[in-house]
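Construct the complete structure from the given sequences, taking the supplied hints into account.
Chains U and W supply the protein sequences, listed in that same order.
Numbering-wise, this note's numbering puts 156 at position 166 of the first sequence, and it's gapless, one number per residue.
Heads up, this note's numbering is the position in the second sequence plus 725, with the first residue counted as 1.
Rather than coming from a laboratory, the hints here were simulated on the basis of the structure.
Everything numeric in this text was worked out from a predicted model, so none of it was measured.
Virtual Cβ for every residue (Gly too), placed ideally from N, Cα, C.
Be aware that one or more of the hints could be misleading.
[Claimed, not checked] Simulated restraints, written as ranges between beta carbons of each label pair:
(1) U:Gly194 / W:Leu762: 44 to 52 angstroms
(2) U:Asn34 / W:Ala773: 51 to 59 angstroms
(3) U:Ser190 / W:Ser923: 12 to 20 angstroms
[What the hints assert, rightly or not] If you want a taste of the chain W side facing chain U, the calculated C-beta under 8 angstroms gives, among others:
(4) Ala878
(5) Gly891
(6) Lys898
(7) Arg899
(8) Val950
Read off the chains here:
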Amino acid sequence: MWRDAALVGAKDLRIEYRSRVATTQVAPYAVLVLVLFGFAFDQNHTLLSKVAAGLFWVAVLLSSLLTVQRSCAIESADGARDALRLSGLDPAGIFLGKTLAIMAQLFVLELVLGIGVVVLFGIELRDPALLFCSCVAATVGLAAAGTLYGMIASGLKVRETLLPLLVLPVVAPVLLGATQTWMAALGTASAGTDGWKWLSLVGGFAVIYVAAGTLAFSILVEES
Amino acid sequence: MNSNFPEGGLKIRPENRAVVASSKSWRGSPTGDRVTLTLGVCALATAALTTWLGLFVTPPDQVQGQLVRLIYVHPAVATMCYAGFVLCALASLAYLWPRTRSRRWDRLAVAAAEVGVVFCVLTLVTGSIWGRPTWGVWWTWDPRLTLTALLCAVFIGYLALRRTGGDPDALAKRSAVVAVICVVLVPIDHEATTWWASLHQTSTLFRANPLIHGEQLYTMLLSFVAFGLGFAWLVMHRYRLEVLEDRFGEEGYGLAIKERRAEGGRRVGTQPVSHQGEIAT
Chain U
-9 MWRDAALVGA KDLRIEYRSR VATTQVAPYA VLVLVLFGFA FDQNHTLLSK VAAGLFWVAV
51 LLSSLLTVQR SCAIESADGA RDALRLSGLD PAGIFLGKTL AIMAQLFVLE LVLGIGVVVL
111 FGIELRDPAL LFCSCVAATV GLAAAGTLYG MIASGLKVRE TLLPLLVLPV VAPVLLGATQ
171 TWMAALGTAS AGTDGWKWLS LVGGFAVIYV AAGTLAFSIL VEES
Chain W
726 MNSNFPEGGL KIRPENRAVV ASSKSWRGSP TGDRVTLTLG VCALATAALT TWLGLFVTPP
786 DQVQGQLVRL IYVHPAVATM CYAGFVLCAL ASLAYLWPRT RSRRWDRLAV AAAEVGVVFC
846 VLTLVTGSIW GRPTWGVWWT WDPRLTLTAL LCAVFIGYLA LRRTGGDPDA LAKRSAVVAV
906 ICVVLVPIDH EATTWWASLH QTSTLFRANP LIHGEQLYTM LLSFVAFGLG FAWLVMHRYR
966 LEVLEDRFGE EGYGLAIKER RAEGGRRVGT QPVSHQGEIA T
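Next up, the structure:
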């Protein structure tokens, strides 16, 4: 399973490296979202630094949709999905591989956006351990849920519009938990907010979706 | 054409009417029979009794006054919303299990989800109406409220997925996976008031020592029966509508060809010719 996951993950990353979609389209889009938030809040630095955590995660969420759509698009083009099915790879391995590839891209994206919020919104990073752990947990959750729903919507004529409708409410707990964790780490949370407690919500979500995806992917890959 | 199909009542798309009218098993309502009729009458009767008890017999609350009468609507509606989603997930599990796989479970899943979403919207609306005079706001970002809104959103997504068309078996499998994953929110939503500090009150009824007694308790229990019967009535009708949709998918094309030929026959002044045997497509 893990060997298959490594194969699929490496394949997806190789395609991304060659096509440069992640670096020339998704990352600039994410930074653009941050800049637009800056315009919307009228360059009010006090307010921006207060809500920076939420804006960061909304930007990650919106950009992750593009990454997921891209990850599904490479499978639906030229009958690649049938080829993947006929390849004899373990469906759980395919799921984990695609999740890992999306995770790698999201980590880079979060790094770019992290620098973006520090520079544009003027925040100070106080608790690096909490920030890092929340990024890992949220990325696993977003990537797993995104891969699972991406597969559910793949092959449908209306997948571009359906995917956000399916994914956004489902990953709302990640947005909520990760934002609260970041606010606790940046010192902008209301008194008594325990960042590590919120982190456990995000971690729990990630575990549930990795497990659900690993179990359900065989049904989705073999169905049509 | 379709002269035995009554106007009003359940709305059937014009293109589906041929299938409905050709059915000999349903008289009058295309999705009704004696069971649903009895169920519907019982639901109306218990709802009327609940209304009378709730509005005129039971006393107002010491703290909330007349507002407490919403307790005969809101909890029952919310429970039916949960029931719809849980039923949808159970039917989806039965569909996913190879030994029990059948179109019946898929039809039940879509029927239960759709009715569940209706009750979920009603839960949010009645809760909002209750929240405005008691909390002073129509909406607040409380764990229970937020989770209920999320539950509504994920099942609206489920219904959107169901409308995408394509291969029915593939769609049924995808939808079943979504339903089984999304139903995880139901127990979290139910326990939200005990797990987190919530503005929403904890359970009134489902506890060792219920918080209400006497006629208020009986009226509240009756409201559960009334909405439960209404829920079952809606699910049964919606299930049968799904059966009709399936039949339309299987037979509609052949019937459409038959009708067109009959029209052509009339136009040139000749009698319609029987085209039996050409229906199988």
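Cross-check of the supplied hints:
1. U:Gly194 / W:Leu762: 44 to 52 angstroms: Holds - the Cβ-Cβ distance for Gly194 of chain U and Leu762 of chain W, about 47 angstroms, lies within 44 to 52 angstroms.
2. U:Asn34 / W:Ala773: 51 to 59 angstroms: The hint (51 to 59 angstroms, Cβ to Cβ) holds, given that Asn34 of chain U and Ala773 of chain W are roughly 57 angstroms apart.
3. U:Ser190 / W:Ser923: 12 to 20 angstroms: holds (19 angstroms)
4. Ala878: holds (4 angstroms)
5. Gly891: Because about 7 angstroms separates Gly891 of chain W from the closest Cβ in chain U, which is inside the 8 angstroms limit, the hint holds.
6. Lys898: holds (5 angstroms)
7. Arg899: holds (5 angstroms)
8. Val950: violated (32 angstroms)
Of the numbered hints given earlier, the model fails hint 8 alone.
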